[in-house]
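Produce the entire structure from the sequences given, and follow the hints as far as they go.
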Amino acid sequence: MTEAAPMGVPPEGRVARVVLVDDHRMFRTGVRAEIGRTEATGIDVVGEADDVESAVRVVAETRPDVVLLDVHLPGGGGVEVLRRSAGLMGEQGGVKFLALSVSDAAEDVIGVIRGGARGYVTKTITGTDLVNAIFRISDGDAVFSPRLAGFVLDAFAATDTPPVDEDLDRLTQREREVLRLIARGYAYKEIAKQLFISVKTVESHVSAVLRKLQLSNRHELTRWATARRLV
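Residues 193 to 423, numbered by our numbering, are exactly what the sequence shown covers, in order.
Hints may contain errors.
[What the hints assert, rightly or not] Derived pair list, reagent style EDC-like, types lysine to aspartate or glutamate, alpha-carbon separation capped at 20 angstroms:
hint, residue 1, residue 2
1, LYS385, GLU245
2, LYS381, ASP359
3, LYS404, ASP359
4, LYS392, ASP361
5, LYS385, ASP243
6, LYS385, ASP215
7, LYS392, GLU382
8, LYS315, GLU299
9, LYS404, GLU299
10, LYS404, ASP361
11, LYS381, GLU395
12, LYS315, ASP242
13, LYS315, GLU240
14, LYS315, GLU226
15, LYS385, GLU367
16, LYS381, GLU367
17, LYS315, ASP215
18, LYS315, ASP243
19, LYS385, GLU395
20, LYS315, ASP296
[Said to hold, decoys possible] Here are the simulated distance ranges between beta carbons:
hint, residue 1, residue 2, range
21, GLY222, SER399, 32 to 42 angstroms
22, ASP321, LYS392, 39 to 49 angstroms
23, ARG420, VAL391, 35 to 45 angstroms
24, ASP331, VAL391, 38 to 48 angstroms
25, ASP331, GLU395, 39 to 49 angstroms
26, ARG403, MET218, 31 to 41 angstroms
If you are wondering where the hints come from, they were derived from the structure by calculation, not from laboratory data.
Ideal Cβ placement from N, Cα and C applies to all residues, glycine included.
Have a look at this one:
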């Protein structure tokens, strides 16, 4: 995260309760140090999580105002966290999600917005801007990094371009995660370790992906994923 200018008094003396979800501990530590000084920023970091299971649990337990959610997480990714937390988003004054990711890939942005996130910012954001984004999300606004705002509007407004590839949309979230890792050259054993599943389960997911996409082997799968900029 880039160095931020000194932060002023929180809006109207308010405090926003925030949960940080990211699988890199050092990044979470940096974000907490940057924005978690409640008296200066109005941000109270009430919990952290590093994978889907812990994120769903912590969000349910703490009921924060805003969740800062990374897109790529062990156990199914940010979209899976959103899916399993949908009930909390629907409540009066419910939990709101702001994606905070290094990725600006089209599929990642549209995926989490479709899943219910209120905004998407990249990790180049300054601490000051991130604090402002959190309060705007808490108030019900939508917030995007400048380059992504027009892209998201175009993706959802276009009448001749579907927001998500129809072939890709046939896959489950877990199948998409396996697809990306296969396309990046990971071995089955490495994928199993990263996603906390068995090698046999990885093989089953790969078979399902090949069948749904009508592909014959992992080399064709890699070319398919590369052509769609999923790698």
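Violating hint indices (sorted, rising): 2, 4 and 23
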